[in-house]
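Protein chains in written order, with our numbering: chain A, 21 to 539; chain B, 21 to 539.
For the record, the hints were derived by calculation from the structure and aren't laboratory data.
Keep in mind the model is a prediction, meaning the values are calculated, not measured.
Warning: the hint list may mix true and false statements.
Any copy will do: because identical chains look the same in the list, a pair fits if it lies in one copy or spans two.
[Stated by the list, open to error] In the EDC-like style, the derived pairs of lysine to aspartate or glutamate whose C-alpha atoms are separated by at most 20 Å in a straight line are: (1) 68 x 519; (2) 46 x 131; (3) 185 x 410; (4) 46 x 136; (5) 525 x 460; (6) 293 x 131; (7) 419 x 174; (8) 262 x 136; (9) 262 x 242.
Protein chains: 2
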Amino acid sequence: MKADEEIMDLKINRESTIPIYLQISKGIRDLILNGLLPAGYRLPPERKLAEELQVNRSTVLNAYRELKADGLVDSHVGRGTEVSQGEFIDDGDNDSPQVAEGPVIHPMPWEQLFCEATLRMQDTTVRDLLRMAGREDMILFAAGVTVPGIDSLDALERIQADVLKSHGHRTVQHQPTEGFYPLRESISQLMKKRGITASAEDTMVLSGSQQGLDLIARAFLDPGDIVFVEEPTFFSAIHIFKAAGARIIGIPIDKDGMRTDVLDMMLKRFKPKIIYTIPDFQNPSGAVMSLERRKELLSLAHRNQIIILEDDPYGLLRYEGRPLPALKALDGYGNVLYLSTFSKLLFPGFRVGWVSAPREVLHRLTIMKQTADLHTSSLPQLIFDHFLRENLLDEHLEKANKENCRRRDMLLAELRDANLDAMSWNEPQGGLYLWCRLPDGMLQTRLLARAVENGVSFVPGNTFYSVNPTGNYIRLNFTYPNPSQIREGVRRFAEAYHDTQREQKHYSGAAQISLGPIL
Amino acid sequence: MKADEEIMDLKINRESTIPIYLQISKGIRDLILNGLLPAGYRLPPERKLAEELQVNRSTVLNAYRELKADGLVDSHVGRGTEVSQGEFIDDGDNDSPQVAEGPVIHPMPWEQLFCEATLRMQDTTVRDLLRMAGREDMILFAAGVTVPGIDSLDALERIQADVLKSHGHRTVQHQPTEGFYPLRESISQLMKKRGITASAEDTMVLSGSQQGLDLIARAFLDPGDIVFVEEPTFFSAIHIFKAAGARIIGIPIDKDGMRTDVLDMMLKRFKPKIIYTIPDFQNPSGAVMSLERRKELLSLAHRNQIIILEDDPYGLLRYEGRPLPALKALDGYGNVLYLSTFSKLLFPGFRVGWVSAPREVLHRLTIMKQTADLHTSSLPQLIFDHFLRENLLDEHLEKANKENCRRRDMLLAELRDANLDAMSWNEPQGGLYLWCRLPDGMLQTRLLARAVENGVSFVPGNTFYSVNPTGNYIRLNFTYPNPSQIREGVRRFAEAYHDTQREQKHYSGAAQISLGPIL
Numbered sequence: 021m022k023a024d025e026e027i028m029d030l031k032i033n034r035e036s037t038i039p040i041y042l043q044i045s046k047g048i049r050d051l052i053l054n055g056l057l058p059a060g061y062r063l064p065p066e067r068k069l070a071e072e073l074q075v076n077r078s079t080v081l082n083a084y085r086e087l088k089a090d091g092l093v094d095s096h097v098g099r100g101t102e103v104s105q106g107e108f109i110d111d112g113d114n115d116s117p118q119v120a121e122g123p124v125i126h127p128m129p130w131e132q133l134f135c136e137a138t139l140r141m142q143d144t145t146v147r148d149l150l151r152m153a154g155r156e157d158m159i160l161f162a163a164g165v166t167v168p169g170i171d172s173l174d175a176l177e178r179i180q181a182d183v184l185k186s187h188g189h190r191t192v193q194h195q196p197t198e199g200f201y202p203l204r205e206s207i208s209q210l211m212k213k214r215g216i217t218a219s220a221e222d223t224m225v226l227s228g229s230q231q232g233l234d235l236i237a238r239a240f241l242d243p244g245d246i247v248f249v250e251e252p253t254f255f256s257a258i259h260i261f262k263a264a265g266a267r268i269i270g271i272p273i274d275k276d277g278m279r280t281d282v283l284d285m286m287l288k289r290f291k292p293k294i295i296y297t298i299p300d301f302q303n304p305s306g307a308v309m310s311l312e313r314r315k316e317l318l319s320l321a322h323r324n325q326i327i328i329l330e331d332d333p334y335g336l337l338r339y340e341g342r343p344l345p346a347l348k349a350l351d352g353y354g355n356v357l358y359l360s361t362f363s364k365l366l367f368p369g370f371r372v373g374w375v376s377a378p379r380e381v382l383h384r385l386t387i388m389k390q391t392a393d394l395h396t397s398s399l400p401q402l403i404f405d406h407f408l409r410e411n412l413l414d415e416h417l418e419k420a421n422k423e424n425c426r427r428r429d430m431l432l433a434e435l436r437d438a439n440l441d442a443m444s445w446n447e448p449q450g451g452l453y454l455w456c457r458l459p460d461g462m463l464q465t466r467l468l469a470r471a472v473e474n475g476v477s478f479v480p481g482n483t484f485y486s487v488n489p490t491g492n493y494i495r496l497n498f499t500y501p502n503p504s505q506i507r508e509g510v511r512r513f514a515e516a517y518h519d520t521q522r523e524q525k526h527y528s529g530a531a532q533i534s535l536g537p538i539l
Numbered sequence: 021m022k023a024d025e026e027i028m029d030l031k032i033n034r035e036s037t038i039p040i041y042l043q044i045s046k047g048i049r050d051l052i053l054n055g056l057l058p059a060g061y062r063l064p065p066e067r068k069l070a071e072e073l074q075v076n077r078s079t080v081l082n083a084y085r086e087l088k089a090d091g092l093v094d095s096h097v098g099r100g101t102e103v104s105q106g107e108f109i110d111d112g113d114n115d116s117p118q119v120a121e122g123p124v125i126h127p128m129p130w131e132q133l134f135c136e137a138t139l140r141m142q143d144t145t146v147r148d149l150l151r152m153a154g155r156e157d158m159i160l161f162a163a164g165v166t167v168p169g170i171d172s173l174d175a176l177e178r179i180q181a182d183v184l185k186s187h188g189h190r191t192v193q194h195q196p197t198e199g200f201y202p203l204r205e206s207i208s209q210l211m212k213k214r215g216i217t218a219s220a221e222d223t224m225v226l227s228g229s230q231q232g233l234d235l236i237a238r239a240f241l242d243p244g245d246i247v248f249v250e251e252p253t254f255f256s257a258i259h260i261f262k263a264a265g266a267r268i269i270g271i272p273i274d275k276d277g278m279r280t281d282v283l284d285m286m287l288k289r290f291k292p293k294i295i296y297t298i299p300d301f302q303n304p305s306g307a308v309m310s311l312e313r314r315k316e317l318l319s320l321a322h323r324n325q326i327i328i329l330e331d332d333p334y335g336l337l338r339y340e341g342r343p344l345p346a347l348k349a350l351d352g353y354g355n356v357l358y359l360s361t362f363s364k365l366l367f368p369g370f371r372v373g374w375v376s377a378p379r380e381v382l383h384r385l386t387i388m389k390q391t392a393d394l395h396t397s398s399l400p401q402l403i404f405d406h407f408l409r410e411n412l413l414d415e416h417l418e419k420a421n422k423e424n425c426r427r428r429d430m431l432l433a434e435l436r437d438a439n440l441d442a443m444s445w446n447e448p449q450g451g452l453y454l455w456c457r458l459p460d461g462m463l464q465t466r467l468l469a470r471a472v473e474n475g476v477s478f479v480p481g482n483t484f485y486s487v488n489p490t491g492n493y494i495r496l497n498f499t500y501p502n503p504s505q506i507r508e509g510v511r512r513f514a515e516a517y518h519d520t521q522r523e524q525k526h527y528s529g530a531a532q533i534s535l536g537p538i539l
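Chain A on its own, in the form it takes in the complex (with noise of 0.2 Å):
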């Protein structure tokens, strides 16, 4: 059966948030589940429908994935793409459109039951990497986590039995939505260090960072509001804004931080609600804002009214150089909501992160963090609160940066030596990565490719940009391999490396085409 283009007139609404190729999917689920697509139905070739529709070839691709994935149509070489042989619709044996009789089972057309906001988050960045995460033979350059060699494990056997010892049926039951009352003491002891003060009533427990990001753009955030950010910055953080339905703005960035005369230009044309940054060790670039900068960033907020969400996951992960006040620490006005995480300290899989903030926001945050877990799980507050009062912290994070140090300073060594012309890169003087410029035209995704096939995998550089990326860069990360992982994996990634230059060299020109679906 050959496609029909009456029944196939899709109709496509490009001012919709609803993405073009679930629209697609979508309006051709309909026809098939209401009978009008029998099995069997050739759908037109990709090319062609995305002729008609003048959309992207890859946008009807993706389209018919989607419809593949649910088990409505099959794909087979020579035929093309047909309507499964599947009963969507229990119609009897006859494969001609028809009004069914008596109960019908209609599968739950789920797609198309998600709401507006749901279809804004797409990406899967981040879960991909944990997947990947979970592959023994991998060497992690594109890991966001410190040495895990050095964790304290043994004081963390210690310490879950004296909580258990001390609390006793206390460690099992509901703590309140802020948190751990110790823990909130702990953490603004914790604060200090970052020249911060800010009472434990300041303070909020979070099931991580991320759940604080999370909450903060649920409370602020209606669709349409401008957000701010650092360009490049965290994936997530823009994942969130953008699932809020905000619309972002990059800032650029240099080795000082955020670009504040930009800045001080942008607000001419744009109003934000959020300037979102991450002045300690930026992710990804590692920049740290200096002191002049994060003066004229608070003096900026304050004039226009805006809020500063400031983001310090790397702040204690200094290994060399004078450190700075967190902007907070900085901060007259009351604009800066702090948010700050042990992931990146220590224990990782606990998901225990922390918001410090005037009290009318900590009040909101509160009820929607009820909303959203209750609270944060008991055991881990109670351990990492033990941790803190007998500095355990302190201890570990002095091991921990030594170890973090002689990493990086082996990673640079390592690619010093590995022949990688025309790539260069950061000498961050903490944190977890290297920002490295790949030669422009080498094509990150095809790198990736070829770097995951001999087993050490990065972070390409454009999941960092809201929008074109304004450079060709990777993100390795230099924590979490050991030193013979490390001489490894650059071993691996300068073999893909020079793979890439010479097949790229090979087949220039086909090669820009299909950057989307590998990301």
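Fit chain B to the known structure of chain A by using the hints.
Chain B alone, transformed into the frame defined by chain A:
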């Protein structure tokens, strides 16, 4: 200085989702912060402003309270409410409005920055209950957890050591968003007890089933969508659906659960997206949906293409009688999203629950969970997995259910002996709650205030209704207090009950005013 009618001309939008009291407080706040109401300015008396704006006096009272909490106004006996002397805007030592010169410190107007969805989240009943739980002397008939005295702490001590031994660094590292895979397998086994066949792949670990409600509401509900709930029902579910902007329609229940005959009729008028139900030992009523009604509900949902959200925290807490299969077990159509949790069985503070759902739904929920908290805390997941694999949950449940049953019988006996004329209650075969009917006209909040004075708490029944309650109820938990607390708790409660009866006879008439604020 006296109130000036012209300056205080506030605009109220009765169509807005922003509560009127917040509109009023925001209006006045703007006037103060813009210097139009100088320090010392006397706001109109509450009654007068209420008349002018044609709102309830309590609305104005709440608006003034907000302003007071923000330090913008003070109230003085005899002088009413005045704009505070604090420097909201640094206009020198002159208290009349003027154009500020040079840099001013203008505090962030946080309450005006929250988005609409946030302002829909008002109720903090659960959080207040969690706070109350922190008071050592209080006997908690308000609790929502099972016997705390026998939570297998010895087993926990051994198992947390085992977990660390067998998983090492994995214990503290990231887990996939979907959850620790072996735990998903164990949960799949556990669900068989409820008649459910669902593989590990059909199941995702959650940070409590609360998170499941939140994710599902966010995934499916656009503002204006309709959700059917049992009336009365779990208050957090009401709040979550309301926060998503949904319209909530209550379907009455009787001892056989949701009235499917009424449901059938209501479906003629409304097109709900979700029907939310707790079929087994419903919270708060204790009702168990009959097998016939389960089949009717499934059939109605299928015929009308409605999602059934089955919340099953109590299904394994049956003390007598024959268990019924979960809706999910009977669902031949694939309409049911199934939520459950360990929180009502063991270690409520660990916050581990799960959802079982069709793959395409799970896929979306996974993306949303990744955004919300990346994954559920690792250590509690690993601990629960070991508990399940060693059949320790079964052992625990056998013990716990015997004790739960004993406490239920004890509370029933104590209530019978306490001479609570005109109060009646059900006798549930499982779950955690008695649902007690108060005499018409007895004020729940007055009774609660008396009870809390006496050192005993319960949950007022009105909390469980999305609209006007159809009866005068309270919810008593019988599993959290131990036997001697049950005895003493009923004594304290009965005293409060009899006091309230006497007081209300005395002050009848004036008592109907202030239900809202106390809740």
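Taking the hints in turn, this is what the structure says about them:
1. Proximity of residue 68 and residue 519 under a CA criterion of 20 Å is satisfied in neither setting, with 35 Å inside one chain copy and 81 Å between copies.
2. In the homo-oligomer, the alpha carbons of residue 46 and residue 131 lie at most 20 Å apart inside one protomer (8 Å), although the nearest pairing across protomers, at 40 Å, exceeds that limit.
3. Within a single copy, residue 185 and residue 410 get their C-alpha atoms as close as 16 Å, which meets the 20 Å cut-off; across copies the closest is 23 Å, which misses it.
4. Taking the shortest Cα distances, residue 46 and residue 136 sit within 20 Å of each other inside one copy (14 Å), while across copies they are farther apart (30 Å).
5. Taking CA atoms no more than 20 Å apart as the test, residue 525 paired with residue 460 passes inside one copy only; the shortest distance there is 13 Å, against 85 Å between copies.
6. Only between protomers do residue 293 and residue 131 lie at most 20 Å apart by alpha-carbon distance; the minimum there is 13 Å, versus 32 Å within a single protomer.
7. Taking identical chains as interchangeable, the C-alpha atoms of residue 419 and residue 174 lie at most 20 Å apart only when both belong to the same chain, with a minimum of 14 Å there against 34 Å between chains.
8. In the homo-oligomer, the alpha carbons of residue 262 and residue 136 lie at most 20 Å apart both inside one protomer (12 Å) and across protomers (17 Å), since each shortest distance falls under that limit.
9. Proximity of residue 262 to residue 242 under the C-alpha cut-off of 20 Å is found in both arrangements, the shortest distances being 11 Å within a copy and 17 Å between copies.
When the structure is compared with the earlier hints, a violation turns up for hint 1 alone.
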